[in-house]
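Asker: In case you want the letters, here they are:
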Amino acid sequence: METILVLAHTEMDGSLGRPAREAVTGARSLQSRLDGSILIVGLVGVDVKAAADAAAGCGADRFLGVSGAAFAQSRYATDALAAEALCRAAGATLILAPGTSRWCRTLPGVAHRVGGRTDTHATDLSVADDAVSIVRWYYRQRMEATFRRTQRPWVILVDPGCLSPWDGAAGTASLHAVPVEIPAACLRTAVTGLQAPAADAQTIRPDADLLFVAGAGWTKTQPDGKAHTADAAKLILGFLRKSQASLGGSKSLVDLSGEEQAVLPFMTHLNQIGQTGATPRHPKGLATCCHGEEPHAVGWRFISERRAVNLDPNCGWARGKADVLYVADAFAVMAKVNALLAETTPA
Amino acid sequence: MSALFHIVVCGGIVPDPLQTLEPVGSPTGPSLKNELMLPAVLDPWAAHALYEAAHLAKAAPGSKVWLVSLGPKAKLQQVMMTIAQKVPFELVPLDGPGGGFTESAEVGAVLADAIQAIPGLDRSRLLVFGGWESASRGAGSTLQQVGERLGIVDQFQGVDYLGVGPDGVLQILERVEGGKHQASTCAGPPALLGWATGSLPEPPNNPQIGMVNMRTVMPALQRAKPAKVGIEAAGFLRVALPAQRRETRIVKDLPVDDIAQEIVDWIGTK
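If you read the protein sequences in the order shown, they are chains B and W.
Note that the working numbering numbers the first sequence so that position 346 is 346, with each residue one more than the last.
Note that the working numbering numbers the second sequence so that position 82 is 82, with each residue one more than the last.
Because the hints were derived from the structure by calculation, they are not lab data.
Please note that the accuracy of each hint is not assured.
[Said to hold, decoys possible] Listed next, the in silico DSBU-like pairs over lysine-lysine satisfying Cα-Cα at most 30 Å (straight line):
(1) W:Lys252 with B:Lys234
(2) W:Lys252 with B:Lys242
(3) W:Lys180 with B:Lys242
With these hints in hand, go ahead and build the complete structure from the sequences.
Answerer: Structure follows, in structure tokens:
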């Protein structure tokens, strides 16, 4: 019999974020297929009542909370204290948590504290023969494994975007507060804020419907014998502004930017996708001027619908990996796309 | 900068990212086909951690950098031929499996034991560095367990910047959701930092640094202790390459205007 704990932290406004609600979906699914299992929701934040009430209808047997001003900060030392206390209070054997940056930083250490094991980046959960198994990728999304564990507690961090968020009715949860004492040694770190580009310069949009991938081809010599990086930057930023797409870059393009060559100034390592970058999840992806075979193409492993614009009809980035490959000059195509979007998008 | 640091970088080795990888089964669990034949490199994010460590040590005179690396001894030697020319460090090799299917808790245990056994290490000046995820297991869970075993509760992951203030306070930027960085301060060492890309380029090869490093690297490799690391409690049911191959519609000779219209229509559809 499993005791399933959904371990979530609140958002800055005290709400239950989408990744947390996805974890609730996963936990409910496991509970329904594991005879005799119980479901507990554990929450961490400044004030967790609103989040508990929001999840009141999820069918949890108990709601536990660790709250206080110290838990406003996404800080390893205090988060680990809170998560450990919740795991112990729940007597959890299976701990499901959203794979947010906050929990990815903290929960592997918590698994060690409670004598358990941890697995991150789970993309699917299933039950067969009364045993839970998970799916996750290895070698930077190049191979997929399904496995189960016998050791408990088992802490599973589910990658955001893999499950549908639970959106049941809110209510009034009976919240049990779990006390946590914070030693002074756990307050040596202070979060001082978030740094982000200005709103109109932010090119990473995790919730966007479209991922626009720019490859190094944008910086190469064009038919007139010159590189047109300034034009490329204008076209790409113009497209991002009009389409509200998120921007990804190939490693070669990002590395050029890092070497401070006159390339695309807005392209940083945060935009990089692929082997040593991110593998974001978006419903659609449009790749332009991208080249390379399988190792480089993992960056859009989790993009559902894929199209590419490339001058090479045999490009390994697109063939067999994209749904549609337009053999054309990306400069010309994106200029026209921007013109068409300008007709339909308010200035 | 008056602070002095003892920086231990945890960095494994991984197959060269350009190699074709294929999983195979074995009596001890999954592994890679011809794994020992594949050329290896220092794990990319761990390599960034090593470069950042060397940069910090250079700026803080009296500091020292150790590289604790788990992998088959022969592979470690191959990788060191390149890495040792980049930055000064002392190697602490652990002879054991370096693949992605090993158990991160076990890897964390042997790394922590190796760090604790480093002679002359001042734990009050200790900064543990590493990559925030490996290019093999890709879990991002090992360093935290190393930190727990060493009693370090000031931990940071996805680090792109570390600065040291005149008062010795560490200033750290960590990657968080939405292309943002979380800024933190930490009172000082001991601390653990899992690095993302950082902000430094790969250093050029320096044969002089290589010669100095290799004087200690080769004896250390000869003395490398065997590390027992397995897949323990994880029962793999299936490991496979993604079979999905798309039927790509190749659109040639279509006017640019028509392509653009098709793309705009596609973007607009849910």
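Asker: Could you run down the list of hints and mark each one as holding or not?
Answerer: Consistency of the hints with the structure:
1. W:Lys252 with B:Lys234: Since the Cα atoms of W:Lys252 and B:Lys234 sit roughly 26 Å apart, the hinted pair holds (cutoff 30 Å).
2. W:Lys252 with B:Lys242: 26 Å, holds
3. W:Lys180 with B:Lys242: Distance ~22 Å between W:Lys180 and B:Lys242 Cα, so the pair holds.
Violated hints are absent here; each numbered hint is respected by the structure.
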